[in-house]
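Peer 1: Here is how the chains run, residue by residue.
Number of protein chains: 2
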Amino acid sequence: MDLLKEKILKEGIAVNENILKVDSFLNHQIDTNLMMEIGKNFATYFQAKNIDKVVTIESSGIAPAFTTAHFLGVPLVVFKKQNSSILNQDIWETTVHSFTKNSDYRLTASKKFLKENENILIIDDFLANGEAVLGASRILNAAKCKVQGVGIVIEKSFQPGRCKLENAGFDVYSLARIARLGNGVIEFI
Amino acid sequence: MDLLKEKILKEGIAVNENILKVDSFLNHQIDTNLMMEIGKNFATYFQAKNIDKVVTIESSGIAPAFTTAHFLGVPLVVFKKQNSSILNQDIWETTVHSFTKNSDYRLTASKKFLKENENILIIDDFLANGEAVLGASRILNAAKCKVQGVGIVIEKSFQPGRCKLENAGFDVYSLARIARLGNGVIEFI
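Chains as they are written, first to last, in the working numbering: chain A, 15 to 203; chain B, 15 to 203.
Certain hints may be false.
[What the hints assert, rightly or not] Per label pair, the in silico range of CB-to-CB distance: (1) G198/B / N47/A: 20 to 26 angstroms; (2) K125/B / I203/A: 30 to 36 angstroms; (3) N181/B / F202/A: 49 to 55 angstroms; (4) L101/B / S117/A: 15 to 21 angstroms; (5) I100/A / N197/B: 22 to 28 angstroms; (6) K129/A / D185/B: 39 to 45 angstroms; (7) F202/A / S112/B: 40 to 46 angstroms; (8) K35/B / K95/A: 17 to 23 angstroms.
No lab work stands behind these hints, which were simulated from the structure alone.
Cβ atoms here follow ideal geometry from the backbone N, Cα and C, with glycine treated the same way.
With these hints in hand, go ahead and build the complete structure from the sequences.
Peer 2: Right, dumping it as structure tokens:
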């Protein structure tokens, strides 16, 4: 997506070889027009998959997932991060390891919003190690939903996330794929 | 806002005298069309205030704040909740007490996204004790921004939030004001 790539080149900061700061438009300050274009793009790509619901993980995924759900005309379900186990029979939960924060968290979702055989599109802002999406897919499997695709705003293609998600059988569509970061350099694939 | 009140009466659950569950359309599963209408409504009400930025607190405030910012044609800035202090000179932070969770958290915002004399509209999903909005306003005061208004999706008018925010001098505009909850009853003002 050219508009996104231009924005990344203009405002993104390669902090080091692993970290790309895009907090001026994606996850702290949010450019709503760009998010609308992102949602349109995802909705167009996944249109044929008869998506019933969009799922994301709080909180940076909410804006792009919201616009995608809007253009697909379906509800958005936000999976929640918790510091500790909920142990409630009305809630699905799984443990996710965050390599960024080097810690675990519990990912949770109310059972009432996930119905058997629903077609789900997972949207997230970043793909690095893929652990958040894999955690969401574990919950969706438990709920007997079908993951029809994974839409990612920015993929760090030098990290193993895409490979792990493809090995799990998912159609992964990323709007910007970063080949290399570092020393002020941002290179796309 | 009639559409919102109808949705609250249809899908909201008064768990007890204090708790209204609206997770089927507001803060877990999200009805994107309703959120667009909510954003239009806030944008219309605050149009004359020359808003430069919309501010919200992650994560349930993001969807209504996003649509409000979109219709006002301004950026959205998401204030972040942290479990512990960041102590970084590039970040504003303040401690907020959550009566709902009976615990404190650190609310943070990057200094670079808040400029002196900017006109700010704060949007949040719920108003109960007002502590989150007051916390956000402390950060905005420190940044020398001007809080031009507070937009709330659902106000629990039997709790002290509105009174505290009005005493602080804010123009508080709530789309649904709840007078009483309990035993399956939801009464609006």
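Peer 1: Take the hints in turn and mark each one as holding or not.
Peer 2: For each hint, the structure was consulted:
At about 43 angstroms, the CB distance of G198/B to N47/A disagrees with the hint of 20 to 26 angstroms. Here the CB-CB span from K125/B to I203/A is close to 34 angstroms, well matched to the stated 30 to 36 angstroms. A hinted range of 49 to 55 angstroms holds for the C-beta pair N181/B and F202/A, which are about 52 angstroms apart. Taken as a hint, the range 15 to 21 angstroms holds for the pair L101/B and S117/A, whose Cβ atoms sit roughly 19 angstroms apart.
For the pair I100/A and N197/B, the supplied restraint of 22 to 28 angstroms holds, since their beta-carbon distance comes to about 26 angstroms. A hinted range of 39 to 45 angstroms holds for the C-beta pair K129/A and D185/B, which are about 42 angstroms apart. Take F202/A and S112/B: their Cβ atoms lie about 42 angstroms apart, and the range 40 to 46 angstroms holds. A C-beta distance of roughly 20 angstroms is found between K35/B and K95/A, which places it inside the suggested range of 17 to 23 angstroms.
Violated hint: 1 only; the structure is consistent with all others.
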